[in-house]
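J.: Spelled out from the first residue to the last, the chains are:
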Amino acid sequence: MTGPVSTAANTPPTALTTGRETVLEVADLGVDIHVDRDWVGIVDGVDLTVRAGETVGLVGESGSGKTVTSLAVMQLLPPNSRVRGSVRLGGRELISLSEGELNRIRGVEMGMIFQEPRRSLNPAFTVGDQVAESVRRHRGADRSKAWDRAVELFELVGIPDARRRASAYPHEFSGGMCQRVMLAMALACEPSLLIADEPTTALDVTVQRQVLSLIGEVQQRLGIGVLLITHDLGVVAEVCDRAAVMYAGRIVEQAPVMELFDAPQHPYTAGLLHAMPDHVRHVERMGVIPGRVPPPHDFPAGCRFHPRCPFAQEPTCTEGEIPLRDVTPGHTARCARLGDLELEDAFYG
Amino acid sequence: MLRFVATRLLTVVPLLLLLTLVVFGLVQIAPGDPAAIIAGPEASPEAVEQIRADLGLDRPVWEQYLSYIGNAVQGDLGTSYTTNEPVTEVIGRALPRTVTIAVFAMLLAVAISLPLGVLAALRRNRLTDRLVTGAAVVALAVPPFVLAALLVNYLALGGLQLFPPTGYEPLSEGFDEWFRFAVLPAIAIATISLAELTRQARGSLIDAMEEDYVRTARAKGLGRWWIVGKHAAKNAAVPYVTVLGLNVGRVVGAAVIVEAIFNIQGFGQLGVDAVLSRDLPTMQGVVLVSGVIVLLVNLAVDISYGYFNPRVRAG
Amino acid sequence: GGGGSDESPAAGAVDDSAVLRAGWTVGPTSLDPHMATAEVVWFRFGMTSIYDRLFTVNAAGEVEGMLVDSWEYTEDGLQLTMTLREDVTFRDGTPLDASAVKLSLDRARTQQSPVVKARMAAVTAVEVPAPYEVRLTLDGPTPAVPYILAENSGFILHPDLVTSGDPATETNGSGAYSVESFTPGESLVLVRDRTDYWDPEAAKIARIEHRAVPDFQAFSNALAAGQIDIGQFQPNNVASIEGRRGLQAVPVPQGISSDLLFNRAVAPMDDLRVRQAINLAIDREAITQALYPGSEPKYQYYREGLQGHDPSLGPIGRDVERAKALLAEAGHPNGVDLGEMLVSTATTAGLLDVVLEQLAEVGIRADAVTVDALQIFPRWAEGRSAALLQFSSTGLEPGAGASTSWGPQLNPAGTTPEFDRILAAAADNRLSQEERNAGYQELNRFLREQAWSSPITWINYPWVMTERLQGFSAEMDYATTLGPYDFRYLSMQADS
Amino acid sequence: MTALAPVSAAARPRVSYRPGRVMRRFLADRVGVTALVVVLILVVIALVSRFWTPVDPTAQELLDRLEGPSSAHWLGTDNVGRDILSRLMRATWTALTSCALAVGLAVAVGVPLGLLAGYAEGFLDGLLGRISDVLMSLPPLLFAVAIVGALGPSLTNAMIAIGVLLMPRFFRLTRISTREVKNEDFVEAARASGTTTMRILGRHVLPNIASPLLIQISFGAAVAIVSESGLSFLGLGAQAPTASWGSMVKEGFDRLAENSWSMYPPAIMIVVTVLVLSLLGDGLRDAVGRQTGGRR
Amino acid sequence: MADTTSATGSAPALTVTGLRKSFPAQRNLLGRVTRTVDAVRGVDFEVRAGETLALVGESGAGKSTVGRLVLRLIDPDAGEVGVLGRDITQLAGRELRAMRGRATMIFQDPYKSLDPRSQIRHSLAEPLIAQGRWGRRGRVERLGELLERVGLAPHYLDRFPYEMSGGQLQRVAVARALATDPELVVCDEPVAALDMSIRSHVINLLRDLQRERNLAYLFVSHDLSLVRVIADRIAVMRRGEIVECRPTAELFADPQHSYTRELLSAIPAAHPRNRTFRAAPAA
Ligand SMILES: Nc1ncnc2c1ncn2[C@@H]1O[C@H](COP(=O)(O)OP(=O)(O)OP(=O)(O)O)[C@@H](O)[C@H]1O
Ligand SMILES: Nc1ncnc2c1ncn2[C@@H]1O[C@H](COP(=O)(O)OP(=O)(O)OP(=O)(O)O)[C@@H](O)[C@H]1O
Ligand SMILES: [Mg+2]
Ligand SMILES: [Mg+2]
Ligand code: NI
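Protein chains in written order, with this note's numbering: chain D, 1 to 349; chain H, 1 to 315; chain Y, 1 to 496; chain S, 1 to 296; chain R, 1 to 283.
Quick caveat, the hints were computed from the structure, so don't treat them as lab data. Here a beta-carbon is modelled for each residue, glycine too, at the ideal position from N, C-alpha and C. Be careful, since some hints might not be right.
Claimed, not checked - Listed below are several chain Y residues computed to face chain H (Cβ distance under 8 Å; list not exhaustive):
#1 T25
#2 T29
#3 S30
#4 P131
#5 E180
#6 S181
#7 G185
#8 A346
#9 A368
Unchecked claim - Covered by chain Y, according to a simulated footprint, are these stretches of chain S (three or more residues, beta-carbon under 8 Å):
#10 32-39
#11 88-99
#12 226-233
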């Protein structure tokens, strides 16, 4: 096993975040899903950009629409759904493409890894086969070439004894190893964008560290953009360059990580940060956000967070559309009372 | 894999033993004196006694059981009370008829259910799907004997007379001849299995298509047919093959009635006759052999899991 | 002499190479005529074409010699001397002589067997006084022995087969046919393989295939589809098949009837009035018309035209009131439960329903228990059931028939001294035909008075066959007693 | 901070346990509701036939046998001149009661044994499991024929045979479901708070296996109807004069050439009954959601 | 090498010595066990009244197994478990049941640990019925009080689990665990299945209750940052053994065992400034 060494730790990140071309540009993305004879808006008005070499975090509680957003980017939503807005990958609009055209993009220009690596691998085929398959389909390589490439990829993602392990089945692998396989698969055709949907949620902390470091390493080496979905602000703090906070199907705040952690502008972001266990601050009590995330058919009007927000005011927060406003360049937030709130200590009941 | 097959083979042994016990027990609960049956209606009590002794029926039950098993292992299932032939011979005569028809029926069921099921799964909730699943549900409700009666009435008698209404010709008489006789019984026997397999093919394919790994495959940019044919199919095969195995028993069961209607002196008919005439050794033999066949088929199914699903190979 | 009739429906050129396919509901399970479990099954399933018998029975129910040229009883009726034909040989030229006959008869009467041994019980010794003369010693002056020797007991096997062969799987007889293939319980294929058969009138068909078709509907389907050439039909279904694809139907009044037999040993059947009430409850005319069209209601124990029939015995009409009165008199004013009524699986479809309903209308209830045809007699003999709904055959000779019909197998209650006396007086070979007839008539009246059973219908079986078949009629040997089962004189018309 | 457990586990809807929603979803399923209505109609027909039929179902008009439909006999008469419609109604009673008894027997034996085996595991579980494997490996109808052959043909024995035939289904289902429920946290929680085994079985295990059981009962009933009619067709089930669909089909089939009509009404009844029972099962299954234990 | 002494001087609520448990991992054809997993291999520790001992370690280390052994939901192969002064491994029947009123458990996933078919009322009443110490009327009253104590309105008693959020349910689970006034509560990852905004509610509740009733917690968790906040002492488990057991501050300041160090270094930072895996971004 490769240790959790982070070789890229010394590379100045600024060079990566700026100046590189935009890989993914999501604008005003909306997703409705048909449930019980009704269209329910799950996600709407989502804007996101990912540049080459950059890691963008998408963070939010369960049910906030992170997975749906990522699937919309991949155009992998279930058939009972419809998408609005625009998803441009390397400048090319994906929304209008046919399935055949998408198949030439998925796995080639963008790859994705999922939360439960074991379930996401086909139990009936060897891991090598599943990686080589991608290569064969997209690169037209013959069987043995593709296999060699798979082994090479396994070495890249740090699977020891790669040639032998390539002919093992997923159930013979641990969760962390499976996630490495998934990563190898996603990287098989050297995509420019990698979407990782809670890639480490099911893994042990030590393994999580390895996988996250690995993603970072590969990203540096290949210069790809990463959209990292997580519910864990710790992960965001560790590996992301920028992060977007999602609540009830909308992005409520988006900022470079430093700024997000130092000066959150939206009460929800602040609440989440306060709810992170902190051994210094939380000697007595931990910060809490009252209430719970509403289900999509129950999204309130106005600010969707207002029923839980200690600062909510009528009618400022309860009516109309609240736009995403700029705080500083690159930092936006969707709060009606943006700027006039003292967020520190608001969540210690 | 070899080890896997070997362990699977071994698990069948206790099942076989239990099977013989069930079969033997079945005969023990049967009232009536086998010796009197063999002796015939007009025999004297001494004659009956003599026969009882000859058959060893005066020995304790467990002794009879042990010798039954001992003989069965050597391929001796006793002697038919009615024809005085070795039961193995009687079964050997009847079995091929049923087996050829049953195999035909299963092939029919598989050959039709696979494309239909796949089609329905891929056109889920659309017209094709509704037609296929609707037809399957209805077909599932038609008992083989009703279907057989209809087939006889409309295709064999009536104006059409396409196929002979009764009888059987072995394959050795030529495929055409065999086919003419086998086709109607095979359809009657196959239909329920066909319907169930269609539903299963559809259901397991749909299930497989909803698995996470299919999403992964789509994320890799693989084409729909590739995903269906490779990723979903191999996983969907497990429940399908399971149901296929379970249907072997059903097909043999259906043969019981269908053979009576078509007057095929097959395995089912043999069983019914043996039961009706209290030909206990034959009855035992029929139940035993059919049980063994089904067990072996299920064993094959089990072993096939090893191919379709590498996880089970680990044991 | 042969009983073959030439009054065939259509006469034409005979096809000497014809194949005849016959269907039966049951097939025998071995080829050994002596080991028959049901005589008629073996008899009709080709056995008559393979072996010859000592006697035969014509349509009038009279015994005639077949291998036997002439026969006579001694004065005391205790010995029967038979003189054989001298022109009969087996296939290998071995003459069918008295020693061969003795060998077969001794086997038949001594070998442990389901039926035949018991049937031969009257014969206590077989001697060969001359090369073509056989003398049987009898245990009483019974007239039945020639009749018995007209059935399975009288089949003569090749001496080699008796001494060193296995008659269950091999055959060797003096008939014109030998076995091409045999599958127990299923089929028997016979081929004519000798031209020197002693009766030149016989064996006009080259090949006979017998097949068992147990399911009734399958049977009629097979006939309708031309898969078999001849078969005995159920009376109430013949209308459907007649006239189809060159089929003809020939009704044959066989000596077979549907009867409801009683077990007089158990209550309430031990009461004459209950038995009479049952007799009065049954509507024989309606049953016959509905389920056995073309047949005759059965009111007495011997059929018109055969020995023992008594024209003075009139019909038994249905009389619900009297039946109820009788029941009340017997102490069952609210009706009576008979208990178990056994029914054979071979009983005509619907008969049971009708009988139960008609009994129910006078207040008689019974639990029907269906039992396989092969097991029903042992079950009945156990004596626990009250009644038995079954086919019964009169038998070739009234005396022999009576002792079987009312013997322990079919009559668990046993006989009475009165019955034995009447039977013994009638069944005596020293009497003349007329004297015996009068005796059997008395037996007939006794049974009806005592209501030992409830006769229902004499079945006139329609035989359905291809129009090409010739020589089949109600006047064939055995036709009116056992059934037209001796196929030796049938022939097929050549295709025109 | 990290949380290794998948967060979405809490968000994933567990549809199978929402009683109110199950009912609502079932009622929204038009096919399932129709099937239920037809089943109820059949039950009503069966009950009514105990007291009233258009004509006495046993009354015979021997000379008017095998008639086609007429105003006196809407579905004609059978082989011995009985009213087919009335017999069909009476046969509905026969079918439903024998089906209920067979399924009842199977449930009464299979479920307790399944609970026992599932909860106890170990040797008993292995033995019972193997026995059920063997019973399942016997071709169903042939096995039923053998049991009836051993016991003697009668409707009761046919029901016993079918009950024995169905037993392994209920046994297996209960065993697997019990196993699954047994390992659920809420059962462990109940044990942790000192709840007795009997109470756990009664309050937690049974209610939680109720819906798969109900579904299986529906399918089992369909199997019972098919088997009963098959056995009656062979003459091994209902005995005269009891009216049974299977024997009525057989009677009709035997008279095919004379009267090709009388076979159809009972055949249609069988098909419809089996159809609605399996549709009902399908409907229930869909309403309850994907079930554990239903698939191997 | 595990340090089993506790910091505070109060009486031990739980003393575990030499605890062992292995599970069958593979059986042969005859059902005989051919391979076993040693889930717990000789574990000793103690938890004092009012104290929280956290059990941390990687998945499969045996943490939950220890929790279940402690309450004797499974039988240990060897070792002693002193719960409130009695060896629970020696108890049976009535005594064991009574003990289960005094030492209770909270499970990870409230959706799974509450019977989905029972109303909250029934789930909550279950331990009371099992202990049989409260009459029918007393029970009804007590249920309301319990809910109130965990911050839920009494009308929730008539709800089904699916009608409630995970956080609410976990509070119900806490109420159930406290229903019989226990002295020891085993918490098996009680907040791991909860969303971060809810998690702190439950943690706060647990801490309040502990202070109120001087409860002893055996707190099983993966989450080291959380454990750092709430535990008095931490026992690090690895492959069935406790490799290190020390007061929280000490352990974080000066981890002795290499595995502990590995574990600590894998905790993601709470702020991007303190990154350890990757270079910090520009402010
Ligand atoms: N196929 C679907 N049909 C109906 N609703 C759906 C579907 N997929 C997602 N949803 C709903 O959309 C909302 C957002 O779901 P999504 O999976 O994107 O959340 P998430 O942020 O990824 O949460 P988690 O952290 O649990 O993964 C949820 O309320 C979910 O119930
Ligand atoms: N009932 C059981 N049967 C067989 N093996 C078991 C059983 N329970 C636990 N194990 C095994 O014992 C070991 C320890 O399991 P345990 O659940 O205690 O770990 P854990 O530390 O709680 O892990 P996690 O963090 O994943 O909950 C594991 O290898 C597990 O597979
Ligand atoms: Mg998600
Ligand atoms: Mg655990
Ligand atoms: Ni707000």
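J.: Now tell me if each hint is right for this structure.
T.: Results for each hint:
{"no.": "1", "hint": "T25", "result": "violated (11 Å)"}
{"no.": "2", "hint": "T29", "result": "holds (4 Å)"}
{"no.": "3", "hint": "S30", "result": "holds (6 Å)"}
{"no.": "4", "hint": "P131", "result": "violated (34 Å)"}
{"no.": "5", "hint": "E180", "result": "violated (16 Å)"}
{"no.": "6", "hint": "S181", "result": "violated (12 Å)"}
{"no.": "7", "hint": "G185", "result": "holds (6 Å)"}
{"no.": "8", "hint": "A346", "result": "violated (11 Å)"}
{"no.": "9", "hint": "A368", "result": "violated (16 Å)"}
{"no.": "10", "hint": "32-39", "result": "violated (count 0)"}
{"no.": "11", "hint": "88-99", "result": "violated (count 0)"}
{"no.": "12", "hint": "226-233", "result": "violated (count 0)"}
Hint check: violations occur at hints 1, 4, 5, 6, 8, 9, 10, 11, 12; the rest are consistent with the structure.
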